[in-house]
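Q: Sequence order for the protein chains is A and B. Each step along the first sequence adds one to the number in the working numbering, with nothing skipped, and position 587 is 587. Each step along the second sequence adds one to the number in the working numbering, with nothing skipped, and position 414 is 414.
Below 20 Å or equal to it, Euclidean Cα-Cα: the simulated PhoX-like pairs (lysine-lysine) are:
| hint | chain 1 | residue 1 | chain 2 | residue 2 |
| --- | --- | --- | --- | --- |
| 1 | B | 718 | A | 112 |
| 2 | A | 448 | A | 473 |
| 3 | A | 520 | A | 490 |
| 4 | B | 490 | B | 520 |
| 5 | A | 520 | A | 613 |
| 6 | B | 112 | A | 718 |
To give an idea of the interface, some chain A residues facing chain B are shown, with a C-beta separation under 7 Å as derived from the structure:
| hint | residue |
| --- | --- |
| 7 | 208 |
| 8 | 722 |
| 9 | 736 |
In case anyone wonders, no lab produced these hints; they're calculated from the structure. Note that CB positions come from ideal geometry on N, CA and C, so glycine has one too.
There are 2 protein chains.
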Amino acid sequence: MALGERGGWDKSESRYCGVETDFNDDMPHLLSFNLSSGGFDFVVASLMDPNYRPSLMEKDIGGGSHVLPFAGSDLVLSPSQWSSHVVGKISSWIDLDSEDEILRTDSETTLKQEISWASHLSLQACLLPSPKGASCANYARCVNQILQSLNNMQLWLRIPLVKNDDDTTDFIPSVSTVTYAQILSWRIFSIHVYSRGDSWELWNSFRLLCEHHSQLSVALDVLSSLPSANSLGRWLGEPVRAAIIHTDSFLTNARGYPCLSRRHQKLITGFLNHSIQVVISGKLNHGVPSVSLDSALDHTGTNVESSQRHSLRPYLDYIAYLYQRMDPLPEQERFELSYRDFLQSPLQGHNPLFHIISDEFCTIEFSNYYLSFQPLMDNLEAQTYETFEKDSVKYIQYQRAIGNALVDRVPDEEASSLTTVLMVVGAGRGPLVRASLQAAEETGRKLKIYAVEKNPNAVVTLHSLVRLEGWEKTVTIVSCDMRCWDAPEKADILVSELLGSFGDNELSPECLDGAQRFLKQDGISIPSSYTSFIQPVTASKLHNDVIPCLCAQVSPLEAISFSSKCALALQVKSHKDVVHFETAYVVKVHSVARLAPCEPVFTFTHPNFSTKKSNQRYKKLRFEIPSDTGSAMVHGFAGYFDAMLYKDVHLGIEPSTATPNMFSCCASSSVCFVESYFDTGLQIPAWFAIFFPLRTPVCIRPGSPLEVHFWRCCGSTKVWYEWCVASPNPSPVHNSNGRSYWVGL
Amino acid sequence: MALGERGGWDKSESRYCGVETDFNDDMPHLLSFNLSSGGFDFVVASLMDPNYRPSLMEKDIGGGSHVLPFAGSDLVLSPSQWSSHVVGKISSWIDLDSEDEILRTDSETTLKQEISWASHLSLQACLLPSPKGASCANYARCVNQILQSLNNMQLWLRIPLVKNDDDTTDFIPSVSTVTYAQILSWRIFSIHVYSRGDSWELWNSFRLLCEHHSQLSVALDVLSSLPSANSLGRWLGEPVRAAIIHTDSFLTNARGYPCLSRRHQKLITGFLNHSIQVVISGKLNHGVPSVSLDSALDHTGTNVESSQRHSLRPYLDYIAYLYQRMDPLPEQERFELSYRDFLQSPLQGHNPLFHIISDEFCTIEFSNYYLSFQPLMDNLEAQTYETFEKDSVKYIQYQRAIGNALVDRVPDEEASSLTTVLMVVGAGRGPLVRASLQAAEETGRKLKIYAVEKNPNAVVTLHSLVRLEGWEKTVTIVSCDMRCWDAPEKADILVSELLGSFGDNELSPECLDGAQRFLKQDGISIPSSYTSFIQPVTASKLHNDVIPCLCAQVSPLEAISFSSKCALALQVKSHKDVVHFETAYVVKVHSVARLAPCEPVFTFTHPNFSTKKSNQRYKKLRFEIPSDTGSAMVHGFAGYFDAMLYKDVHLGIEPSTATPNMFSCCASSSVCFVESYFDTGLQIPAWFAIFFPLRTPVCIRPGSPLEVHFWRCCGSTKVWYEWCVASPNPSPVHNSNGRSYWVGL
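One chain only, chain A, in its complex shape (with noise of 0.2 Å):
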């Protein structure tokens, strides 16, 4: 029934709110008494009676004719049924690094059964139990078989929350061997046996064994002690799915009931924003007024159970409160949601790759390829552009530049006399002649505007614009390449707006170098300075969507085979790692854990008269990962520009110092995604940030920085960046002569 409305536009999981249930063999009552005398979307439930033991089976009965013991057969429940509300919890019990070797061949053989019996119930997914020791090795290479030829379910992993600040960096349950006999007796394996170490080591070493498999995702048990924030705010960049949360992590507030700390509040709407469901576990431990409950047993309880059955609600109840009770998100974020974490081709990046495939310049292949789901361009099109470009803080910002540097350059005495000719170079569809006009208007100068534009379609546009409003004797059109134009005489002041998500990406500098020549020597240019930004994150959902899911290809219900269709696979998958883990992206970043500030990379200053002036740049950089952290993945890097538009008039992305409202613009503005409409035929949300991957993922801890080089190189053809980590351990250098991703001269 979900956790309630907000507004229509949450279409994520996170809405569903789930329970865990103990063993029951009668799965209908299990359903229908958790789901319509509860509440819940759906129940963890365990697929397997907890006292079977394979090799107790095959004593017992002799021979293989023993029906597994199964909660309840796929006919007890329709597929959709199955599908669609219960999640599969994995028998607690087992523990295949044990010592004892009954004890790991057993585990092995339950593990294969109950996901196997998933599988065919199609189940959505399945939770797998804890690894019972630091050691995980033997548990992660039995699910990387089954991973190997897995359908579409995802194995979720459950993981405590926990992240002690002792000096062992290592994860070290208290309970470390546990003999065979115990298990037994022991239903459900503890959670509270971890008491020290950084769980999130255990998670790492399980999903680097098994390769970063994009089924296999964590469940984290939240309890009630929480560690450091920066140390949960890793999480948020891991595959999370579920948080699974324990009664005995609620508080009881003044009327008695269930409520969380306000760092639990916190964190839990952290991951309700990050579409990661909640589950509840656990028994009624608190004193809910005996009122609710009794007119909750009223209207329905018959059997045994019936004491308990709505014990859970009052904690559903709240977790619903959190969730009915979270921020509306703004328009603007909303338009956008589509777009979170999703990878998309830079404007003006080519790749071989593609270039092979079409034998054409290759950016729309590219791009199409990736930019199956296109909302922005089916909304652009049922707008007016004049509304986005009127009201957009970026031609605000703009204007103010550009009014002060009028200011500047022409005393008030003066202003009637002296005109001041413009530039502007690619001016699209005109909003920097706009923006020039409305500032010259603001601050009473005079102007005679010169709009370059190469594309003869936004040309046409300019015409009807300057003739509709009357702009005929201030603007002069130019239907030429900036490169080449023979202008007429010297400007003032040029103004562009060229910069990609990471200033200097889609070749401001190239461009303006060779538009300075018509700009008189004391001339101002806006921008008249651009900086990229760096930081290092972790980010599994992109690092996999580099690699697209070609694993898919293989028919999801084939069994476990070992086909040359698979081996096809492996192939197709590989073969495509290197181009595309050297390539940029511009992606919506949001379910990534940003682990450091970010630290400035290149810098371009316009004009730049120097004779001896080169757009090629190298930075090194060192990162830093605060010390409460724990170590953490890095993926790669979240790349952003600031620009100074005229002295202390900037324009950025960069985190802590972006321009209000240019990430999110809680007007009805969506401007950002105009500008290059005409230039290519292609929106690309052009101030999301870059995305620069790392090939293989590379592990940091605390003390140990980061040490990171990019280079900018600028061929006779061609400009890109190179980049690679030289510390803890060196990366191969990306990307090198450009050979899997450039822009184009």
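Since the structure of chain A is already known, use the hints to place chain B on it.
A: Relative to the frame of chain A, chain B by itself:
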């Protein structure tokens, strides 16, 4: 003129000795002086005037019309003189990681100009100066760019052989920052600035940044003091091409001639044995008696350098003396020379990649793919098999084991009355039949032999052997697969030789499980047990060879271009990665560094009448490298076996216990390679080691143990291994489900 003759069989590069020279514009004179008069085979000569600096050139001359100050044009020497006798020495002053941007840019320009010039001259190698500081990322980035489109030229990175046992693990030269002015006046960068740390770390960073490129190798500067033997040992697994020995590393003997310390001698002999060329560098430092110098002077010299003309000849003579003094290689070793470090598919190994290509049972395609060079096959055809089989150390061991078993089984008093039933399963051409009969004769026991062989061609040979030898009454030939044979009686002794390099890797356990049906309950299996072993190794050549060198498919003289051909090569290179890196190879390991003693992996015992037996195995292993080794790179694991034939008679290749002469027989025996001839139509040298690669090599440090997991997995139709590193950093589990490599049942 080479260092001398070693029976004419040594074709390795290490026969040739070079000399490092100063810049000299007169290349013909430089060459004749050092080769004809000096006796050296090649010169390591500066290609460019050391005073050249690009930034100064432009100022001095202006425009681009100047000629670069190279040492002679390509016309002053013949193409073959350039390529056979000159190694280009890149300007020593370059420093691409300097803080000084002008020096950095000058360095990059010069490096590219010199490499381009060397390529134009078709030199075989260039010597790159040592990185100047601990940081080498920009230098590596530039070299990596060059490597992407280099012709066949090798780049030798000069690395001083330094490792001091202080507490720092980083390699930090004592002079870390050098001003441009200093560099300008500094002709040759002194290697003596390296005072502490481990220079291997510097090499390791550089090659990781350049992604283990196969054309990047090492030239080691051998100094007067040497690191520990373990530390030196690491280099044998690295691509060391040259050892530059400085004259001040020599001692002076009683007669005033230069000589080397015992440790130096051992090191140089080791280098010569690993195809590493020696280069002499420096000035005459020893009071060589004037007579010999004078007489040399008389014959030639007129020009100003005449007094130094032969100054380094005594050093060359000493190296030649060391070379000639080396023990001659045993015949068997010479026979196997071409197999050194040459990857071969193990017997019966299957690989889906080749299934796809050939769409057939792939062993032959796969093997031919690697085994383009097959000297053993030709030799075998020219010789009689009887000779091999009689002389074999292997069959002598079998004969001893069978004899001991016969004596144990039949007391002397029953020798003439009791007949022992012995079955040879997999009899092949009959060597074990012969060994059994000889054992019976030796011990005076009576024998009845069943020779079971499934290959009909081998059965033909067996029949004629039996007829020829008159064994008809004792030997019954059974043309049948041992797994299906319906034996007429049960055996006392079951003899087989089904072991591969890794013991169980040719499915001996499964075969013997099938055959033991017809062994008496108290019967004896020979072998009675066997164990596999592994050890971590540095093996950069094997690592690079795992990917067939596909870069070479790009036409060698192609200039730096970013064509689709490049991108294609990139894809081809990477798309085979996973499958090849998840395959085990049979290889005669030579240029490897064995980083830790072997550990046992899987053990099988026969017969095994237990009802719950399984041939699945799981082993967790820990390796600790000696503390004086320093850090080292693990490219994979060398695997071996040891078999207990009967009681104390063993057979094996595990290095610490290897059967004498199993590796290299000094007699006329080459028997090891014969056994599988009739089975497969191919000879795979069965007793070479096996190599399990790692997809990403793992760097290990002393005090931080390497934890490795190995699994032997059994399916209904195949058997395969999976392996992973769990610590210090987890690797993916290799060969999940046997997706890349398995052995069919």
